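Okay, here's what each chain looks like letter by letter:
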Amino acid sequence: MSSEQPILPKDAAAAEGKVNVQINGKWHRFPKGTRIADACNSVGVHVPCFCYHPKLSVAGSCRMCLVEQGMPPRLAPGATPTYNDDGYQTIQWMPRAIVACANTVAENMGIRTDGTVCREARRAVLEFLLTNHPLDCPICDQAGECKLQEYTADYGQPSHRFTEAKIKKGKNISIGPRVNLDQERCVLCRRCVRFMKEIVGEETLGVVGRGGHNAIACYPGKTLDSNYSMNVVDICPVGAMTSKDFRFKMRVWFLKSTPTIDVNCGTGTNINIWTREQQVYRITPRQNDEVNSCWMPDDHRLNYKYINAPERLLTPLIRTDAEAEQQPAAWEPLLRAVAEQLRLCKSSELAIIASARLTNEELYLTKHLADLLGIKALDIVPRMGESDGMLISADRNPNTTGAKLILGRDGSSLPDIVRGVKIGRIRSLIVLGEDVTAEAGISAEQLGELDYLLVVAHSESPTVRAADVVLPGVTFAEKYGTMINVTGRIQRLNRAIEPLGEARADWDILRALLQECGEATLKAVRATSSMDILEEMSEQFEALSGVTWANIGNCGRPVLETGVTIPLIEREKPRKS
Amino acid sequence: MTMTEQPDVIEVLAEAKPSPGEKYYPPFEVTPELTEKAKEYIAMYPEGKELSAVLPLIHLVQEKHGFICPQSVLWIAETCRSTPIHVQGIVSFYPGIRTRCPGKWHIRVCHTIACALSGGEELLTYICEKIGVDPKTMTDAEPMAVSEDGLWSIEAVECLANCGFGPNIMINDTLYSQMDRAKVDALVAEYSKKA
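Going down the list, the protein sequences come from chains A and B. Per my numbering, residue -15 is the first one in the first sequence, and the count goes up by one each step. Per my numbering, residue -9 is the first one in the second sequence, and the count goes up by one each step.
Hints in this document: simulated from the structure, not taken from any laboratory. Be aware that a few hints might be false.
Claimed, not checked - Straight-line C-alpha distance at most 20 Å; calculated DMTMM-like pairs for lysine to aspartate or glutamate: (1) Lys507/A / Glu519/A; (2) Lys388/A / Asp355/A; (3) Lys406/A / Asp419/A; (4) Lys181/A / Glu68/B; (5) Lys39/B / Glu53/B; (6) Lys206/A / Asp130/B; (7) Lys152/A / Asp130/B; (8) Lys150/A / Glu132/B; (9) Lys39/B / Asp372/A; (10) Lys39/B / Glu187/A; (11) Lys27/B / Glu12/B; (12) Lys29/B / Glu53/B; (13) Lys155/A / Glu168/A; (14) Lys13/B / Glu148/B; (15) Lys10/A / Asp69/A; (16) Lys150/A / Asp130/B; (17) Lys152/A / Glu132/B; (18) Lys557/A / Asp372/A; (19) Lys155/A / Asp130/B; (20) Lys155/A / Asp120/A; (21) Lys39/B / Glu186/A; (22) Lys181/A / Glu40/B; (23) Lys155/A / Asp229/A.
Stated by the list, open to error - Part of the chain A face toward chain B, derived, beta carbon under 10 Å: (24) Val29; (25) Thr147; (26) Ile151; (27) Val177; (28) Glu187; (29) Arg194; (30) Asn198.
Quantities reported herein were computed from a predicted structural model and do not represent experimental measurements. Positions of the beta carbon are idealized from the N, C-alpha and C atoms, including for glycine.
Extracted from the complex, chain A is given alone in its bound form (with noise of 0.2 Å):
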């Protein structure tokens, strides 16, 4: 043999430390270990799957991701491999299917999917998955996002040779407080009970029976309860389980899902909001391996119902006299109406009470129109509690590092400013998504002793009925910004539903209020949407320096170290390698 032999295949992927696998006739190159059926779905060849979840331990329990495998024929003693033109050797085809969840691939492996052997054990397993199941799709939630119906409809066959009794099991069991379970509509892929074993670590769920009996239970006088319990609705392939705060509300195919980042803790839990129209109907986890991997908490994820509640601020409201009642008011005059009324106060008499639940780009508008009004007594309300050690931080509020790095303000000096509030140092205050009254600690009294009080909010509270002007603002769900959460990672917001009735959003009324009040130099204040906003602030600060509303992306970026970590993320690295 001539040292001009061509490099076959097999070495030049090893010493890639990958394998070649032919999948429906053509080559690809993994990395040595890789799923069948992750290799499968990377290069866009669909292997369904209901048991296999890549965040948790491979059950291959379900038996649709069956497909055809082949490898080289076993070489007699002292026979040498052969290979053809490519450098491949021929691949030997088992006539049975196997699991591709289970198995990874292995240098020459073949794989189809395409095949008569796949198509049949597809259309078998999906058959045997029917025989007891009650199709109870016009009243199932998950009809529209079923694997059990998507498969049926790629996979399965129109007719149903099953003309026995089905299996009667347990319907609408109430499996716990956020959760119901129909074990009829249940293919026993046992995510659930892999989820809560693996990683909430309570082992509340499991299976009971045998055969066509088997079926997911709670032991008697237990319930799912855990603060985890509704992922389980997300990773359940079909409609087995299902959340008792979204049941029959509303077909999924109605839904529009915006993907956005929750705003309950540091985390910045990134999520989808599912809305129709102006109505948000449901929150649902968004894969983020960096900050939230697929879960999230139920109290984060059912904390969504203020949006739409009839607290809500739907025009700018106007005390004129002392004594009277708020009053409705159009924008404009009243704009200028503040903007006179915050010239003629002393500035050593004025003090902002920011939010830490403020965009980046509200919060750099908010330093500005401090700046401008020669404001120093100007903070955030802090909320630290405790870390759940798993995916609520301790900081409760979502932009804590954001007001950090744009106000210079972490909450430390608030005290100081509700006692000047206390004792009449502070005159005027100007109050951004925040009620006072609750943890900051200033009582509605002390509040109607102020000469002048300009309130933000998007919902009624103390706050707001003691105000002299309230200019109403929008939830997370109705406006773009992007925040920086614990760890240092940018983030965006989107909006999912328009402002409702007059309000707008806050990074709009403090720019328009900037305007009023005479700022001319701040290309912000010529901003048409938070991403201009966010454009000049890359250039003002080194942490944002390069970082546009683009390629912030859906999955954010780091911009800062803060050396804080979020729990399970940290137990899921050593897994993940």
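Dock chain B against the given chain A, drawing on the hints supplied.
Same frame as chain A, now just chain B:
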């Protein structure tokens, strides 16, 4: 929208299933003896593999107390560092593991094909009649019927591994082959005396 609440499977599981046979077996309690025996079983497996002892412990409890009661499930789970739902899964999987107390004499009648063909099927109804139970009470959910006096219980089982000599039945742990009505009469009379 409201829906008719179906019986909750969790409640069904938790429901105590009383049986007249209970007077013939000591009620379950955690004794030092039992704990000692459990330790012995667990020691048979490598350290950290306590879970492997679940099945032996289930057999231990069933042998002494006749069946696996909810309290024993909790004890086994705790002893094997498992969870009640895991133990319940195992208990509900095996037909040989009972969740209801059998009678003093537990009759297993083979209804696999060889025995069924050689007369086992008719024999089942005959034995039921003989020991005074209604064969209709033997269902998928509750395959065992117990006589009112608690002396007898009956259950149709799969192959007893003696197919050449059917019909086969088993009383407690003793196998009886080539059964017919006369032999059943004799056995019932014999065991009634033993009581």
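Outcome of the hint check:
1. Proposed proximity of Lys507/A and Glu519/A is supported: the alpha carbons are some 10 Å apart, at most 20 Å.
2. Taking the CA atoms of Lys388/A and Asp355/A, the gap is near 16 Å; set against the 20 Å cutoff, the hint holds.
3. Distance restraint check for Lys406/A and Asp419/A: the Cα-Cα separation of roughly 16 Å lies within the 20 Å cut-off, and the hinted pair is therefore satisfied.
4. Simply put, Lys181/A and Glu68/B have alpha-carbon atoms about 16 Å apart, close enough for the 20 Å limit, and the pair holds.
5. Restraint check for Lys39/B and Glu53/B: not satisfied, since their Cα atoms lie roughly 23 Å apart, outside the 20 Å limit.
6. For the given pair, Lys206/A sits about 25 Å from Asp130/B by alpha-carbon distance, which is inconsistent with the 20 Å threshold.
7. Our distance criterion of 20 Å between C-alpha atoms is met by Lys152/A and Asp130/B, whose separation comes to about 12 Å.
8. A C-alpha spacing of about 18 Å is found between Lys150/A and Glu132/B, which places the hinted pair at or below 20 Å, so the restraint holds.
9. A distance of roughly 30 Å separates the Cα atoms of Lys39/B and Asp372/A; the hinted pair therefore is violated under the 20 Å criterion.
10. Pair hint Lys39/B plus Glu187/A holds up; C-alpha atoms about 17 Å apart against a cutoff of 20 Å.
11. Only pairs whose Cα atoms come within 20 Å are accepted, and Lys27/B paired with Glu12/B is rejected, the gap being roughly 23 Å.
12. Simply put, Lys29/B and Glu53/B have alpha-carbon atoms about 17 Å apart, close enough for the 20 Å limit, and the pair holds.
13. Restraint check for Lys155/A and Glu168/A: the C-alpha separation of about 7 Å stays at or below 20 Å, so the hint holds.
14. Between Lys13/B and Glu148/B the alpha-carbon distance is near 28 Å, which puts this suggested pair outside the 20 Å criterion.
15. In summary, the hint linking Lys10/A to Asp69/A is supported, as the alpha carbons are separated by about 15 Å, within the 20 Å threshold.
16. Among the hinted pairs, Lys150/A with Asp130/B is consistent with the structure: their alpha-carbon atoms are about 14 Å apart, no more than 20 Å.
17. Distance restraint check for Lys152/A and Glu132/B: the Cα-Cα separation of roughly 15 Å lies within the 20 Å cut-off, and the hinted pair is therefore satisfied.
18. With a C-alpha separation of about 18 Å, the suggested pairing of Lys557/A with Asp372/A holds against the 20 Å cut-off.
19. Distance check on the hinted pair: Lys155/A and Asp130/B sit about 19 Å apart at the alpha-carbon level, within 20 Å; holds.
20. About 11 Å separates the Cα atoms of Lys155/A and Asp120/A, which keeps this hinted pair within 20 Å; it holds.
21. Under the criterion of a C-alpha separation no larger than 20 Å, the hint pairing Lys39/B with Glu186/A is consistent with the structure, at around 19 Å.
22. For the proposed pair Lys181/A and Glu40/B, the alpha carbon gap of about 17 Å is at most 20 Å, so the pair holds.
23. Under the criterion of a C-alpha separation no larger than 20 Å, the hint pairing Lys155/A with Asp229/A is consistent with the structure, at around 17 Å.
24. Because the beta carbon of Val29/A sits about 36 Å from the nearest beta carbon in chain B, more than 10 Å, this interface hint is broken.
25. The closest approach between the C-beta of Thr147/A and any C-beta of chain B is roughly 19 Å, which is over the 10 Å cut-off, so the hint fails.
26. For Ile151/A, the suggested interface contact is upheld, since its CB lies about 9 Å from the closest CB of chain B, less than 10 Å.
27. The closest approach between the C-beta of Val177/A and any C-beta of chain B is roughly 9 Å, which is under the 10 Å cut-off, so the hint is satisfied.
28. Here the hint on Glu187/A is kept, as its CB sits about 4 Å from the closest CB of chain B, short of 10 Å.
29. Satisfaction of the interface hint for Arg194/A is found here, the shortest Cβ-Cβ separation to chain B being roughly 5 Å, below the 10 Å cut-off.
30. For Asn198/A, the interface hint holds, the least distance from its beta-carbon to any beta-carbon of chain B being 9 Å, beneath 10 Å.
Hint check: violations occur at hints 5, 6, 9, 11, 14, 24, 25; the rest are consistent with the structure.
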